[in-house]
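Trainee: One-letter residues, chain by chain:
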Amino acid sequence: MKTPRLIALGLTLALGTAAAQQPVELQFWTWYLSPKFDNYIKSTIDAFQKANPGITVKWFDKQDSMVQDFISSVNLGGAPDVINLNIDETAKAAQNGFLRDVGSLTPMATLTATYYPQSIKNFSTGGKVYGYPWYGWLNEGVMLYNPDLFKKAGVTRVPRTTSELLTLAKTVKDKTGAYAWVPALKDPNTASFLGYFYAEGLPIYDASGKAAFNTAQHAALLQQYVNLYKGGYIPEDAIRREAFQVATELYAQNRVALIVGGPQALTRIKDANPGLYGKTQVTEAPLGKAGVQTGGSMDLVVPTASKHPAEAAKLAAFFTNNANQIAFAKVVPVVPTTRAAQTDALFKAGGTDPIAKATGLVGASGRYINPGYAAPTNSDDLYKNLNDNIEAALLGKKTAQVALNDAVAYWNANMKK
Amino acid sequence: MRASWRDTLLSYAFLAPAIILLGLFTFYPLAYGTFLGFTQYDGARFAQGLGPKWVGLDNFRALIADPLFLTSLWNSVRYLLVVPLLQLASLAVAVLVNRELPAMPFFRAAYYVPVITTITATAVMWDWIYNKEGTLNWVLSGLHLLPQGAAFGWLNNEQTAFWAVMLVTFWRGFGYYMVLYLAGLQSIPAELEEAARLDGASSWQRFWRITVPMMRPTILLCSLLSTIAALRVLEEPLVLTQGGPLNSTYTALMYVYSKAFQGFNFDYGLASAAGLVVAVVALLLSLANFRLFRDSTGEQA
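If you read the sequences in order, they're chains B and E.
For reference, each letter of the first sequence is one residue, going 1 to 417 in the numbering used here.
For reference, each letter of the second sequence is one residue, going 1001 to 1301 in the numbering used here.
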């Protein structure tokens, strides 16, 4: 009797070992990172594979069709193991049950020791964490400006608050013909205006979770933007195109005096108008009354449909660890989301080069990355409705108060419970 | 008898690949899409591995109650205004380039270039034209048709954006229909024209008495194709205006696209129902086209 048992035990052990040694192939999807960052991604994958023999990573860079491709792959039984999403998309995917709770794959203590608390919060839905925070950016990270246009407009002091910035918009346009800046009014697939409310210390939701961005103060803030738009102080295209694109194009043509945002705008200006890039001054960005920053971030998520969640979690944690986030920040001026980044020597270098200066100013500020509002359920419909109402106010079809009242009513009627 | 059976089988064998492909890629999606229109099938059900849930006419009720859908459908129906313009212009130009002159191959190719230009390049180019500081305002100001300081972004204004986008559709589609008409014109027997010319018919008479009647099948085909294309216009408003301003360029297909493919909240049920409504409108308009192009004897074109 002993012999068969021993044979069975031996077989079980052998099979178990074989299973443990079974090579695993992970599918890794990034979003709009190829071909510009091919070297960085490939070298990081190589380092991961070296550190984890038996795991190979197959990398795909997805662009426009990321979500559709993901849904198709789930349908066909070949879901990717690690995907790169942003805050909003992570919330939507998690709300619909597409993602694994990261806390079940990596101990919470490790997560909280690695990433800023706000970064973890950005990727949390319903009390669970659904993403490993990756690189980020700050909407009010830095202010870069054209000193010649400031001089022509008689501006001797850079704006320090949003209120000063709104006043400056008139001065610069009236005296130079150039726009002062291009605010994000109606970016597709998100709700820029909610960030403005948050920055001014105005609430987005009330205590019960209902939309509440229609007080008289909210309306007064929107009205300021409406007045600027109607007065021709904001480029018309800002209601149709992404503000960042309009701003970088016009800045390079000396038609916009300043850009509030991340250092990535400087990379574009350097390519488009090197002379103006050399002159460009970089300083801290003006903040709203709340004195807070807003911003966005990317993460790496593990889909529920992944067949290798443990290995996928390893890859996601590896890509988003401090060393690899800092290495990415050396390639492109992104803001790391790891706690250790704030003391990194990279962000203390300073210097006179605009990009280096901007990177130094924002690079260690990952703890401030916060969109200012949690994505509601059914967010695509709700964002569209809010943007439509903001547009109606800007084009004079509704008063600011009515536009916000209508949006709040729609939100509260259509947020899925 | 045996040979006849073999022939029959052989015929079906030849037909089989086409029937299978049509079944897989046309009839099955059509039937499944129709079924989905009567179901609830969204991101949450999909992620949980649940299939579509029958909800009867709920999606259609939701569509009727959604002002955005009604606006988008109205915009799509209004978009049909491009059809007669497109057909008249492409037929007229096809007649013009249907001559054996040395420069004609160049013109035929030049008119076809917009058809094969990518939508991204098209969007960038028309953006330059329609911009507040763009070439259209510059030309109009130069001709004193636009007063000083009255320049505006043609795509940022709800009065003009719809027509501006439609012009881009016209520009993109024009060459395609011109080539179809050209093929139709070249199939008209030369003897007919010759005989009419000998009988003393003017070019105008030849056009109305010979060209138009002989071209009736091509006209019907082009009208049907452009009617369906106009109803499902998506790319131009999507890249030029994203449906704005104030949803003035938001079309029914944009609605379907946003419901079916936007984010993880997608709603295949509602999107399929909206697609069905558009398909029914297209079907009705196609029937109207058939009636319109019936000749005076009642014979179908």
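FYI, nobody ran anything at the bench for these hints, they're computed from the structure.
There may be inaccurate statements among the hints.
Only pairs whose alpha carbons sit at most 27 Å apart, straight line, appear in this in silico DSS-like list of lysine-lysine [stated by the list, open to error]:
#, chain 1, residue 1, chain 2, residue 2
1, B, LYS152, E, LYS1053
2, B, LYS230, E, LYS1132
3, E, LYS1132, B, LYS398
4, E, LYS1053, B, LYS173
5, E, LYS1132, B, LYS175
Trainee: Output the indices of the hints that this structure fails to meet, ascending.
Mentor: 1 and 4
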